[in-house]
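Top to bottom, those sequences are chains E and S.
Anchor point for the first sequence: position 101 equals 101 in the working numbering, and the numbering is continuous, going up by one each time.
Anchor point for the second sequence: position 138 equals 138 in the working numbering, and the numbering is continuous, going up by one each time.
Since the hints were derived computationally from the structure, they do not count as laboratory data.
Given the structure is predicted, the values throughout are model-derived calculations rather than measurements.
A couple of the hints might just be wrong.
Said to hold, decoys possible - One-sided and incomplete, this derived list gives chain E residues near chain S with beta-carbon spacing under 8 angstroms:
| no. | residue |
| --- | --- |
| 1 | T35 |
| 2 | T339 |
| 3 | S345 |
| 4 | W377 |
All C-beta atoms, glycine included, are put in the ideal place defined by N, C-alpha and C.
The lines below spell out each chain.
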Amino acid sequence: MRRTPRAGLACLSAAALLSGVLVDVRGRQGTPPETWQAWRDALETHTAGALDEPARLVAAWSIEALDAVRDRVRRQPDASRLVRRAVVLHTDIALLHRRADGYDLPSGPTTMTLVSDGSKVAEASGTFHWSFLRQLIEDLPDSQDRETVARLFYRATAALLQSWNEDPELSAHLAAARRLLRDDPVLLLIEGTQQQMYAGARAQRYYEIRRRQQEAWRPSGVVSSADGRITRGDAATLPPAFPSAASARSRAEALFRQAVRQMPSLAEARLRLAHVLLDRGRTAEAAGELARVVPGSLPPVLGYYAALLDGRLARTTGDLARAEAAFLDAARLVPAAPTPWLALSEVAMAGGRRDLAVERLSDASRVAAIGEPTDPWWALERIHVPSADTLVDQMRHAFAP
Amino acid sequence: MPSRRSGHARVALVALAGVLAGPQQPAAAPAADGSRQQAVFTASVDTVRVDVSVRQNGQAVVGLTADDFEVLDNGVPQRLELVGFEEVPADVVIALDMSGSVHGERLAALRSAAQRLLALLRPRDRSALVRFTERVLAGPFTGDAARTATDLADQVTGRDTAVVDAVHAALVLSATARSRSVVLVFSDGADTASFLSPDQVLDTARRVSTTVHVVSAAARPTTGGSGLHDTFLDDLVRLSGGRRLDVSSPDHVAEAFAALLAAARERYLLSYVPRGVPPRGWHTLTVRVRGRRADVQARPGYLAGS
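The following block holds chain S by itself, in its conformation from the complex (with noise of 0.2 angstroms):
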């Protein structure tokens, strides 16, 4: 069973920000009665979109509109254009280990729990496949759930493993994310063989509008570990308001998989032009929800500019 990492909340919920490059689709107006909505985007180039988890008992809270919102920038308030939930089409990054210790039963159970994962997605979600070694593989997103499939039971040569690399092109590609952008990782491993450093990748995730969730069936590192990366991963997760859930072998990916691409869902995807703050460094993110004692999760804020 994967056990859920304490100084996490309960609810797999994350907090999305960032800053949107290129057009967006045309916006529906909001119901008026606060019940579910559909997607709606404003054509900018300077959107930071904010995802948010609220709940309340340990149950998500549903029926909140923009106005239950309160969204401060850098301490600003800034008004809200968007608001989805879990209708909202989610574009789902898969970056998958599969280095020299997963092979055999091992890799054909992460294999499986991928798939199962892709027979999750809905007709418009879409899906994209990272798989490393110290090679780093990344595909294109498509709604075609099937190819991805396909993609997954070609063999990568290679056995050390480079995830802070695999992590930099999941992220890469989840900037073309359409809206909810979900990225799941799985390593069962150290980083042995990146080029890129965590403080660089770790930059790349303050910068895109991206949530990342990792299972890792990697041993924690001691107290004075060998310093190989080992706070990476926590720190990936925290900055991108991600969860990080550990398993004991492959067999439990699957179900953690889908534990957190339901919990993905269970989000209000939030959208505003920022006013009033300088438009590029660090953006300190708060979130609100009015009157209301709830459980309110986003992540801490987001990079802007060069």
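The shape of chain E in the complex, shown without the other chains (with noise of 0.2 angstroms):
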């Protein structure tokens, strides 16, 4: 959308007072009157969680028209109300065009690297859907308000956008919440377990190929960096492009730590606290905040990740017996888990009793041959509990009007 020029307005004559009219409510970037009550009305509209027409609409504009758009909402007397039903439409918008590669939307300005088993398999551009709304409520006055419908949005946004490891959106999306809401604790679990993604085999797998790539394609006195840009310089002053095993466990160390500063009964943030522990060789410290987390008070997703750790704890002192215990607690919450019944064949082998190990081992194919639920574990670094659509259907009902 192109600005009309101020100029325009030195001309005489109605033209020139229609011209500054115009000016006026097409606003500094020119937002045409059908634009923006198409806008207000799509709010009005819109049925949470639907892909109607308000959404479908809203949904194939353009960058440009929501730029200007926004420019207006912040001029509103009732600014707060459009931005919470803004906040619903067009996480709606982003989420129902959600598809496995990417948004079935236009392009937005992040790029996603879609990668599987640690190798890259495409790239797909993300939306501006999302930063439309981050610039949406950074430009509401600070204040509670701001704060209530921050929280209700990053919470439930941030857990959305980590169930699809959109990493880039999302580390966006948490550097924008940062600064409104300094230490949230929901966020701070958010965070650090994008760290242990990052400290995760797969990611690492990801980040070996791409340092090979950036070492072999690098000529004397050129070097890449993490961005694909070419710079000359000495290799060695380069910063690390992509975050070791270590370094990232270690900050997702003191992100969980600051969350159950801020929260003691996030159970979820200390069992992944004690997680990280177990992955860094503490295991005295692991098992001091595992045994902080009453495992009955537990809904049943955190109650079989507690168990499988302390399962590995116990496997780790060599307490058999133990792990046995843990492992049998796991599959009896998630029956259709794969994971505790090989874990309970390697136990039995571990204690010399080879046809439990073989038992166990079938129980396990048994149980993996299924299909479908997946097994909680493959997909820890993506779900909380409670889970993103639990969240995102609390912000709609926050956001009703």
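Using the supplied hints, reconstruct the complex from the two chains, each of which is provided in its own coordinate frame.
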């Protein structure tokens, strides 16, 4: 949308006046009145969670159209109400147009690298609806109201982006949230989980391949940076392009510790902290954190996670009986998960009980063959309790007219 | 063409040691002239099997008897009770990576390679299949190779690679083997999904009487790599007395599998009941052939007890 030059106002006559009125109505970025009204109408008529006509209409708009809308919103007396409705509409637009390989929407500014089994398989563009919402919220006056809107929005949509493994957008989301909310424990949990993902085998495998590619394509005197630009310089002075597992775990630990400081009852953060400590070989500290979580008070998925960690911990200390009990507990909590049975097979083997090891392996294979639902252990980098879907529904409900 | 990994002998023979659980089939007397002998088992729960490669000038040495071998268990000479050679039936576990990177033509080539391997099995051989992504599906041993081939065609849900978990499954299956036990693993990538640790599964490998061979289409880790179980497959092969072949693509897996299976048959299968050594813990094995300068390879030892 092109700006209407202010110089046009210098023209005399009704035409000039009209031009001035048009500049005023369009705003500095020239929102056509029909766009602004259409957007307001969409906010009011959209049904939360539905890919209805208002959502389809706005979904097709360009980034320039939304930029112009944003400019008008901030000058409205009911900006807070508009932003709440906009959060619902544009989150639904993004969510309902999300596909496995990106968005079925006009391309956004972010690019996602799709990684499968540690290798890049494709690239896809993100959507500008997320940045639009971040900007709308940031434009609100600094107040309790903005904090309320921001907290509901970021908790729900950061969890959503994490469930999709949409890392670039998630990073932008978390950075913006940090500016407004600082030490929100749920967002600290999500950011810590992001670091857990960076430390994981899948991401590290991808980073290793990228490092090799960078090293291979580096004739003398020319070095490549992480974003693909070529610079000249001493390779030794380049910052690390990708986080090492050790640095990511260190960062994850710090974030989870901060989360439980802010909210000691946030069991999931404590479990993840125990997990990271176990991965870092700090068994006693991991046991201490795990002991502070009351298993019976946890929802099934978190109870499952706790049981697997307990089993791993026991296995590390050589307590086979306790490991077996913990893995049996995990199997009871999530009967469709193969991981506990595989772990039980290993425990049996370590105890010299071969027949039992074979039997447990058979159980693991039987469960693995079922296919769905997936084992929560495999989705640990993406799931939280409550789930992203639950948080989005809560947000929709909170912002309902 | 598969490339031979440096550091291993040219001969793809493996040594095998472990503790059998459960009763064995009754023995048949060895032939007096040292010619090919029927496999002999004793009814014992503590029998140790040792799979030995004996080669001279690049060729397998045939016609050896129990008296030609000397086996030291933790330095203590043992009385050998079984000698078998090529005629010993094989229980073969095939572990195949079916993760996201193996799809389309690559998957078809892998399935074809496994089917060709199954076609090489003899009537008394048995096969079992382990297919893995982040899921591990392990089937039981069967003497019906066609049935195993049918299972090959089934899809496995998932995209990640749990090779450490899959090797555990293959080793556990192989613990039910009757005599000569071989695991053949194919993977084209690093582990991205296993729950079990490499150390746990290497411990399992120390306990079972199985030789593990690896066919890998993965890039070798650079020095100072990501630590993603980089050395697991190499450690596994070394501990079990197996061999690793690196191939450039699944198109060469069939040839690699066939070579490994053929070499696996050119081994002597020794058996003894340990005497004069503690029943638990790590046992170092030394295997020699008397009066002959030959290249003898056997696994370095075994782990007994819990």
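Evaluated hints:
no., hint, in the structure
1, T35, "violated (42 angstroms)"
2, T339, "holds (5 angstroms)"
3, S345, "holds (6 angstroms)"
4, W377, "holds (7 angstroms)"
The structure fails hint 1 only (numbered hints given earlier).
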